[in-house]
Amino acid sequence: MVSTPLSPVAKVSKVENLKERSHRLREPVATEIQQDTTHFSEDGIQILKYHGSYQQDNRDHRIKGQEKDYQFMLRTRNPGGFIPAQLYLTLDRLSEEYGNQTLRVTTRQGFQIHGILKKNLKTTIAAIVRNMGSTLGACGDVSRNVMAPPALYKNRPEYVYAREYADRVADLLTPQTGAYYEIWLDGEKAITAEPNPEMTAALRRNGNGTLIKDSEEPIYGDHYMPRKFKCAVTVPGDNSVDLFSQDVTLVVMTNGQGDLEGFNVYAGGGLGRTHNKEETFARLADPIGYVDKAEVYDLLKAIVATQRDYGDRANRRHARMKYLLHDWGVDKFRTTVEGYFGKAVEPFKPLPAFRYLDFLGWDEQGDGKLFLGLSVENGRVKDEGAFQLKTALRDIAQKFALPMRLTASQNIVLYDIEPEHKAEIQSILDRCGIQKETAIDPLVRYSMACP
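Per the numbering used here, the sequence shown starts with residue 6, numbered consecutively.
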């Protein structure tokens, strides 16, 4: 089975034609960011999403008869929810200087800054990239932020593998276009690192048409995916990543000694639906099979290629991979994936029941250090009256330089905490009015809001 470009006579949505004309996500953003205007065109808005930003209108500030009060939301892309202290302090500063003085934790383990003006967009994105962050692919018809459990157990190999492979899957599925660095950093790659040799090899292995030849985007091509594509990596029993709601979830499978052997694979989940449109619906992911660790990237590429080539590009409400599985059935979907993969997918391996975990409170990492899960109501990091969460996190980051992991429940986990620092950190939190997990009303603890 070999992938082919979209037929020029095929009926596709307007967005598909726009993606093709964008010169791999460059235009019209590259031109319009240079213009002295407050907003982007409708075409620019669509391409801007791939760079991690949405154009919005502050209706509270709008004056009757005047132009809309345009502002922008920026979303970070940080696999597994990883935020180093340097990046957190940068986001905190940017939200104060250019945003609405708050940060928002998302349900895909990222941060959002709201209220940025167009004239400050380039400065803000450049600062994020230069401080170990990115917004590339946080939105748009590509693989979104890859999720992993936020628990920082260092003595449980399966959790270590989950975090590691979330990073690798993100590397594999990140758009390869140079547009992002050309537009926001004038062509400079702020952080240069040796490419992962496994990813380099995976991007060269074509399988049975999984890659598009001679393309700047070998996995996606000029049209990218039909719709957003969501991936997660987790461990048996841990549903802190909402594994059944993902397009693809990999479940780490280890042997008795804790060595990684392979992954169980789920596909076809998604919770989104359109009000009063019965043809749209939520769907739980199905078990697809098992794959050896040596072949996980090839199977993942085969799944992506199946959705890329057969997903609905005419009707965006029907474009997620869950509808392809619903329309085809699991058997036909698996057979098509196997055509790209070049072999049969192995049978799914038994798993324990999954349960929700939020990892709030103090816990031991297993390496002598501690981690601390903080409840963040509706994901909003702010200072308001006696509640000073933003100040507390800033003080802790400045004094202890702790990394953090964001969670799918819009909470924050601080980790690598030395035991002798526990009392001082807890004192900062108490002083800033941050409740301990035992004092939080369950209705608040388990509530969420779309960011």
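For the record, the hints were derived by calculation from the structure and aren't laboratory data.
Hints are supplied without guarantee of correctness; some may be wrong.
In silico BS3-like cross-links for lysine-lysine, where the CA-CA straight-line distance does not exceed 25 Å [stated by the list, open to error]: (1) K348 / K337; (2) K233 / K159; (3) K159 / K218; (4) K127 / K73; (5) K348 / K218; (6) K441 / K404; (7) K395 / K19; (8) K374 / K298; (9) K159 / K427; (10) K159 / K16; (11) K127 / K218; (12) K298 / K282.
Treat the numbers as computed from the prediction; the structure is a model and nothing was measured.
Worksheet entry | Index of numbered hints that the structure contradicts, given in increasing order | Going through the list in order, the structure violates hints 2, 3, 7, 8, 10, 11 and 12 and respects the others.
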